[in-house]
Amino acid sequence: MKKVIGLLTAVGLMASPQVLAGTVTVSGSTSVAHVMEVLAENYQNVSNKNVEVQSTGSSAGIRAAKDGTSMIGMSSRNVKQSELSSDTKEIVIARDGIAAAVNNANPVKNLTQEQISKIYRGEIKNWSEVGGESRPIVVVTRENGSGTRGAFEEIMKLQRTINGHKVTAIIPTAQVGNGNGMIKTIVANNPYAIGYISLGSVDDSLRAIDVDGVAATDDNIAAGDYQIARPFIVLMDKNAPSTAQDFIEYIMSADGQGIVASEGYIRVQ
Amino acid sequence: MVGVISVATIGWFVFQEGLPAFKEAGIVNLVLGREWLPPALYGIFPMIVSTLISTAGAVVIGVPIAILTAVFLAELAPKWLADIVRPAVELLAGIPSVVYGFFGLVIIVPAIETLFNIPAGNTILAGIIVLAIMILPTVITISETSLRALPPVYKEGALALGASHIYSIFKVLVPAARSGIFTGVALGIARAIGETMAIIMVMGNAPAMPGSILEPARTLTANIAMEMSYATGIHSSALYSTGIVLLVFIVLLNASLLYLNRTRSY
Chain V
1 MKKVIGLLTA
11 VGLMASPQVL
21 AGTVTVSGST
31 SVAHVMEVLA
41 ENYQNVSNKN
51 VEVQSTGSSA
61 GIRAAKDGTS
71 MIGMSSRNVK
81 QSELSSDTKE
91 IVIARDGIAA
101 AVNNANPVKN
111 LTQEQISKIY
121 RGEIKNWSEV
131 GGESRPIVVV
141 TRENGSGTRG
151 AFEEIMKLQR
161 TINGHKVTAI
171 IPTAQVGNGN
181 GMIKTIVANN
191 PYAIGYISLG
201 SVDDSLRAID
211 VDGVAATDDN
221 IAAGDYQIAR
231 PFIVLMDKNA
241 PSTAQDFIEY
251 IMSADGQGIV
261 ASEGYIRVQ
Chain X
1 MVGVISVATI
11 GWFVFQEGLP
21 AFKEAGIVNL
31 VLGREWLPPA
41 LYGIFPMIVS
51 TLISTAGAVV
61 IGVPIAILTA
71 VFLAELAPKW
81 LADIVRPAVE
91 LLAGIPSVVY
101 GFFGLVIIVP
111 AIETLFNIPA
121 GNTILAGIIV
131 LAIMILPTVI
141 TISETSLRAL
151 PPVYKEGALA
161 LGASHIYSIF
171 KVLVPAARSG
181 IFTGVALGIA
191 RAIGETMAII
201 MVMGNAPAMP
211 GSILEPARTL
221 TANIAMEMSY
231 ATGIHSSALY
241 STGIVLLVFI
251 VLLNASLLYL
261 NRTRSY
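First to last, the sequence lines map onto chains V and X.
Heads up: the first sequence begins at 1 in the UniProt record's numbering, then just goes up one per residue.
Heads up: the second sequence begins at 1 in the UniProt record's numbering, then just goes up one per residue.
To be clear, the hints were calculated from the coordinates, so they are not data collected in a lab.
Fair warning: there could be bad hints in the mix.
With the C-beta cut set under 8 Å, the calculated list includes, among others, these residues of chain V facing chain X [stated by the list, open to error]:
| no. | residue |
| --- | --- |
| 1 | H165 |
| 2 | T168 |
| 3 | P172 |
| 4 | N189 |
| 5 | S205 |
Even glycine gets a Cβ: it sits at the ideal position worked out from N, Cα and C.
Okay, chain V solo, but in the shape it has when bound:
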């Protein structure tokens, strides 16, 4: 019986939320977490307050902000009204492009939105159909529910309706990776792969291709020329503790937006 009581106490302790007063808890989109971690680190240096960032995915972040398990939720896709309570504020902290990325060894430099869409639907199966070598295309996608995937499907019109539900039109035999990092690893190791990742995550290991002749750069996104872009949103309850509101103010300040820009995303202020 003692064991049981001990167990219940332990469970109770773990379940009590926000044990550390003064700590700002942030959770949600893996894409946003990328820049949020840097923001948190800098904020801790200037303010001496603790920020905990967890990357759990956009849907989980939205849920966490709504039910209060995190003070701040992060989303890399547009939030549906049904997912929010009336007390939740949405703040766009940055914008991000989604880069269609291929292996460095791939000679294809440019694709149209229609070609990318057809590749993901499985209608174009070979690189030779879009000006590359005669090799099969290895389509790589993010998992169901990922904010990046949601935004990509929305922009590229990769959606269809079954039984009244909007579902993906991406070919089911596409390889699936969870997180920007895994897509990067797969594409960087496979010369015939195409994937899509947050533009801020693109590095030397792979190459972002031009879409409709426009390069995936910050300037082109800010000017609206590069079409595959989405907002980075944070969600916060109107009654959130002042520590959380201070952190958001820091993100929207010149310092915070400077970090956003230096991490490869597009500032909003």
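Fit chain X to the supplied structure of chain V, relying on the hints for placement.
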């Protein structure tokens, strides 16, 4: 006591969370459906098939190697060699699965690409190879222990009757240690069914029905791990139902082990 409570709590929790999906989609559509398209269709049949194929493949490759290694360690190897091999096998058990996954991703996946000349090596075959290596330590250790636990009279009797060393090992000792070896194999199968991280990294995770072992596929555990963080509502419940199916698999496995070990013929 704590063990029983844990199993009961986990079972109750998984069933409670998973039932809405069974109600919404219907048990047949869920278990035998071929299309995984949340939030419209929740068919996990391709994943059940992938799980069974990858586990069976791992057992076919891994178990013979493991049993022969166990026999070698228990009966044939000189002491100095066994003292090198045994710690190596034990070390294999301690390597985290993400390391196996990474090894598979950089060594096995490209090797399959070149060997079979296919565009992507993230296939069931890669999963089978990684799983086969991962179940080795479990099966080897338990089989060796049960071989060593046999009373020495078995071997002495066989040798005294004129059987050769090898003959007595495979006709007397291995059958006598059968229940221990079965237990080892069952735990190996359980590990292969339950493995998640390494599989996510090497198998490609496509939720479609695989046409051959050279195509990507998603196992039941990978399905849960990949989509849990993003899932809401029925989608999340459908992942718990995936967990129910897994639980049923493990129960069946343990039941068949009990059955096999009860009906010993000697």
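Results for each hint:
1. H165: holds, 4 Å
2. T168: Hint holds; T168(V) Cβ to chain X Cβ min 7 Å, cut 8 Å.
3. P172: holds, 4 Å
4. N189: At 7 Å from the nearest chain X Cβ, N189(V) passes the 8 Å test, so the hint holds.
5. S205: violated, 13 Å
Hint 5 from the earlier list is the only one contradicted by this structure; the remaining hints agree with it.
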